[in-house]
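Novice: Per our numbering, residue 1 is the first one in the sequence shown, and the count goes up by one each step.
None of these hints come from the bench; they were simulated from the model. Incorrect hints may appear among the rest.
[Claimed, not checked] 20 Å max Cα-Cα, derived DMTMM-like pairs, lysine to aspartate or glutamate:
1) 735 with 782
2) 174 with 135
3) 172 with 905
4) 213 with 897
5) 172 with 52
6) 416 with 445
7) 388 with 117
8) 182 with 236
9) 678 with 707
10) 626 with 533
11) 174 with 75
12) 763 with 708
13) 182 with 897
14) 626 with 575
15) 678 with 631
16) 630 with 575
17) 182 with 905
18) 645 with 52
19) 213 with 181
20) 626 with 445
21) 571 with 445
22) 182 with 117
23) 763 with 675
24) 416 with 575
25) 678 with 731
26) 735 with 707
27) 162 with 135
28) 645 with 692
29) 162 with 236
30) 630 with 675
31) 163 with 135
These numbers come from a predicted model, not from an experiment.
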Amino acid sequence: MLSTDVIARLLAGASVATMIGSHVAVAQEEQDIFGLEEIVITAQKREQSAQDVPISLNAFSGDFLDTVAAEDMRDLVAYTPGLEIGTSVTQPTFQIRGVQTSDFGVGTDPAVGLYVDGVYAARSGAAIVFFSDIERVEVLKGPQGTLFGRNTAAGAISIITKKPVMNETEGKVKLRYGRFDKQQLDAMVNLPITETLALRANLLINNQDGFVKDAITGEDYGRENNDTGRVQLRWEPSAQTSVNLAYEFDRTRQDENPPIIGVSNGGYRYNPSADTLGDIPGQGDVLVGIAPLLGLPFTRDTPLSALDSVPLGAIYAGFAPFGYVPSNPGASWNFFKPATSVGGADPLGPLASDIHNGAENRNLYGVNLTITHDFEWATLTSISAFKKFSTNNLQDEDGTADPAFYFDTDNIEDNKHFYQELRLNGVSGPLTWTAGFSFFKERAEQASATHGTTDSIDNTLYNVGATPGALAFAFDPTDGFNACDSLMLDSFGGFVSLLNDVPLSCFDPSLPGASLEQLAQTFGTTMFGRTWEETMYGVGRNTAYAAYADATYALTDRLNLTAGIRFTHDKKSWEWFNGARTISGYDELTIPAIGMNLADVHQMLLANILGGNGDLVFNQSLEGQKFERKDSWNNLSPRVVVDYKLTDDFMVFASYANGYKAGGFNSVEVNSYFDNEKVWNIEGGFKSEWFDRTLRFNASVWHYRYDDKQSIRLTTVDGSNVPQYITQTTDTSGKGIDLELLWVPVEGMRLFANAGFQDITCKANCGDDDDTDGDDDPFIGDPTGEPSTRISFGGMYRFDLGTRGFLDFHVDHSYSSARRDNQICRNDGTCGIVTVGDVSWETGVAENYTNARITWSTEDENFSLSVFANNIFSNRYLGGAGGLVVDTMGAPRTEIEMPGIWGIDLTARF
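Go ahead and model the full structure; you've got the sequences and the hints to work with.
Specialist: Written out as structure tokens, the structure reads:
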């Protein structure tokens, strides 16, 4: 006979792909020992059987999280068709059915709402927290604006924690040891204080060594160090009233996740994004200008490959009559100084880093007060919550350990927000209704810091054509050849340093005929080896109000009509402050003898060369001044649902819903703005049970149109020579099918399978193509990159060993099809065949993962021992070759995936 606890565990597997409703869950009522359990959910803010709720959902119980060794939301992606979550802890991106959340720029909002115990998590920086003492996790697909509110245009994720239990003392301790010296403690205690008051507390401590070594230092990367916990106090003064006060905290200290590998092999001779001479500032302009003089057929449209047919030596020889003597007579065409990684272009490494491969840190705490009271005519629920967190995400952008190509970014956030919701639920004859009001207020501070060295900035200035461009401005060999003209021609065949090689007199004849570095050395210092920092600061103040109502009317005992509407008002402001560039050891560069600071001279030169304030990254207006922009948005989000029970075990349904996401601002581009998102979604399906409730088969089909979808794209912006992640808007359309199957063929066995098939394409504002005339967008109709198919299946079986306990076996497999390529990701090197120099590999291929677990437990199940393995076959899939400094330093980077892991869990309950 199966115990209640066993059934709960089996249900976890059952709900692996449940398309049953939002908020799965309250209870699993045992109907029959041999058969499927009924799951009671609160998808529509009231208790209903999951099979009676016409909403698509994947649900996971706390027992299932243990079974598959899921540590946080990212481990559930394989079991959730349509869900994608980025790998970062402090800057994750969330995507449901092709609609992506890209909100690590705080001026934007997520399109996937995340809720913990009903409280809206405003930022993804607080979203990825270790699972500990979790009741269930639900992933709701499609717009959920009517009942869940703002920024759920793509869907919602709801995490429900376990609550204090009256009149029951219980506890749990789980110890885990695993590969890479994984050490984890997960403990919980529930203590009744009085008959009406109980305390529950849980704590998780996690430590893990890295899984890849630095080839130079031997240091491990991929390390984890996390502490997270919760303390709850629950008071039930009467059968009608409950008060739950919760305090949560999280401390995260870990390496950048996953580790970064540089894949540069020094093979670039030109800017990787350049195709023609017109794409090469400085050298290209000069070549086109001197072409008639030397009888060459060069124009701005001449492909760079055409240069190989003209030896550089022939160009140099043409200027010999003017007195030119090349510094390297044997040079060949080379307009670029690229980085070289320790492992070349091998996407599997080795790797090396000069910032310990980055870091992700977070401190978080929050307080949540939930009060419910049952009146005779309705139930009132009040949720009041405050949360504060600070994060930083330091990323190695160059993937090398070479100071000459050093560049990192650090996204630093400090956020605090308050959330209040009041809700009434009631039943009046055939009408079941919900009405509520919510208020949200947030203050978010962000610093987008970038760090280079004066060496790496010097190389970048050459690679982007700034140094040759400055020399080209005065290039005129006909009036007598000078050192500046010679440097210009030398730059055709190799690197020319603005700091070390170019005399200041090249810019102004009244200035010294020495370079900045020569002047610095004359006075006992140097321009090289100094840290260069540029930072954009921002402060956001956001307020939102919403009122909603939703009701279901039973037209007959089998036919229901549901209608709901939510009004939302969003008010936002963003304040930018573009900080001045700083150089370490600034005072050392003050030269009293000549009455100037060499760093200031350098900045003035860059202002003349680059324009603006002379910064390389945030070369925008209003440096040193605050600039604020405000706006507000109103929205009505309706939904209409009809469901009909053909039999007691077979329901069909259809729905229409609108979703909304507030507009906002790009936090790194002063005075930027984008409008709110709008989505409509239609869906239809059925939910059914067969063969005396031993087989459950559910299916739905869906289609949506998404306008002004905000997404992050790596692109060049005005006022920056380094590409940046900025927010752009596109229109997309999607359609797909979700399937779920759960079968109990014999007592003690559960088999499950779920699948999702989707087709997401871009309809407008899909990208730019400089070669296209007019306003035509060549990328319209392209897929947006998501895999079209995701399938997971598995099963579990229990052997009853009598007085010796139980033996449980679990195995599952997940498959994700290859990512659908489009021209944008191919250009970015993040999909398809990636080529760096003479090395090529394929990224975005189909992925397969297999997991297994064996558990022995005592007869009373108070003690258990488990052995598990995730990604048993250690499949590792290669990433792309992109990043911020591909075009500026020739330093593409990729990410290395963790190999398969194993572990042992020892659990004791009391």
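Novice: Does each hint hold? Answer for all of them.
Specialist: Structure-based check of all given hints:
1. This hinted pair checks out: residue 735 and residue 782 have alpha carbons roughly 14 Å apart, not beyond 20 Å.
2. Between residue 174 and residue 135, the direct Cα distance comes to roughly 16 Å. Compliance with the 20 Å bound is thereby established for this hinted pair.
3. Annotation: proposed proximity of residue 172 to residue 905 holds, straight-line Cα distance about 13 Å (limit 20 Å).
4. Proposed proximity of residue 213 and residue 897 is supported: the alpha carbons are some 13 Å apart, at most 20 Å.
5. Proximity of residue 172 to residue 52 is assessed by CA-CA distance (about 34 Å); at most 20 Å being required, the pair is judged violated.
6. As the CA atoms of residue 416 and residue 445 are separated by approximately 9 Å, the hinted pair is consistent with the 20 Å bound.
7. Taken as a hint, the residue 388 and residue 117 pair is honoured in the structure, with Cα atoms around 16 Å apart against an allowance of 20 Å.
8. Restraint check for residue 182 and residue 236: the C-alpha separation of about 40 Å exceeds 20 Å, so the hint is violated.
9. Note on residue 678 and residue 707: the hinted pairing holds, with a Cα-Cα distance of about 5 Å set against a maximum of 20 Å.
10. Straight-line distance between C-alpha atoms of residue 626 and residue 533 comes to about 19 Å, which keeps the hinted pair within the 20 Å bound.
11. A C-alpha spacing of about 19 Å is found between residue 174 and residue 75, which places the hinted pair at or below 20 Å, so the restraint holds.
12. For a cut-off of 20 Å, the pair hint linking residue 763 to residue 708 stands: about 10 Å separates their Cα positions.
13. The straight-line distance between the Cα atoms of residue 182 and residue 897 is roughly 17 Å, inside the 20 Å bound, and the hint therefore holds.
14. With a C-alpha separation of about 7 Å, the suggested pair residue 626 and residue 575 falls inside the 20 Å cut-off, and the hint holds.
15. The suggested pairing of residue 678 with residue 631 holds, with an alpha-carbon distance near 17 Å, which does not exceed 20 Å.
16. Proposed proximity of residue 630 and residue 575 is supported: the alpha carbons are some 9 Å apart, at most 20 Å.
17. A hinted pair counts as satisfied when its Cα atoms are at most 20 Å apart, and residue 182 with residue 905 qualifies at roughly 11 Å.
18. For the hint linking residue 645 to residue 52, the alpha-carbon distance of about 9 Å falls within 20 Å, and the restraint holds.
19. About 14 Å separates the Cα atoms of residue 213 and residue 181, which keeps this hinted pair within 20 Å; it holds.
20. With a CA separation close to 14 Å, the supplied pair residue 626 and residue 445 stays within the 20 Å bound.
21. Between residue 571 and residue 445, the direct Cα distance comes to roughly 17 Å. Compliance with the 20 Å bound is thereby established for this hinted pair.
22. Distance restraint check for residue 182 and residue 117: the Cα-Cα separation of roughly 29 Å exceeds the 20 Å cut-off, and the hinted pair is therefore not satisfied.
23. Using a Cα cut-off of 20 Å, the hinted pair residue 763 and residue 675 holds, with the two alpha carbons roughly 17 Å apart.
24. Restraint check for residue 416 and residue 575: the C-alpha separation of about 16 Å stays at or below 20 Å, so the hint holds.
25. The hinted pair formed by residue 678 and residue 731 meets the criterion: a straight-line CA distance of about 10 Å does not exceed 20 Å.
26. Distance restraint check for residue 735 and residue 707: the Cα-Cα separation of roughly 15 Å lies within the 20 Å cut-off, and the hinted pair is therefore satisfied.
27. At most 20 Å may separate the alpha-carbon atoms for a hinted pair to count; residue 162 and residue 135 meet this at roughly 5 Å.
28. At most 20 Å may separate the alpha-carbon atoms for a hinted pair to count; residue 645 and residue 692 meet this at roughly 17 Å.
29. Only pairs whose Cα atoms come within 20 Å are accepted, and residue 162 paired with residue 236 is accepted, the gap being roughly 16 Å.
30. Among the hinted pairs, residue 630 with residue 675 is consistent with the structure: their alpha-carbon atoms are about 12 Å apart, no more than 20 Å.
31. Proposed proximity of residue 163 and residue 135 is supported: the alpha carbons are some 8 Å apart, at most 20 Å.
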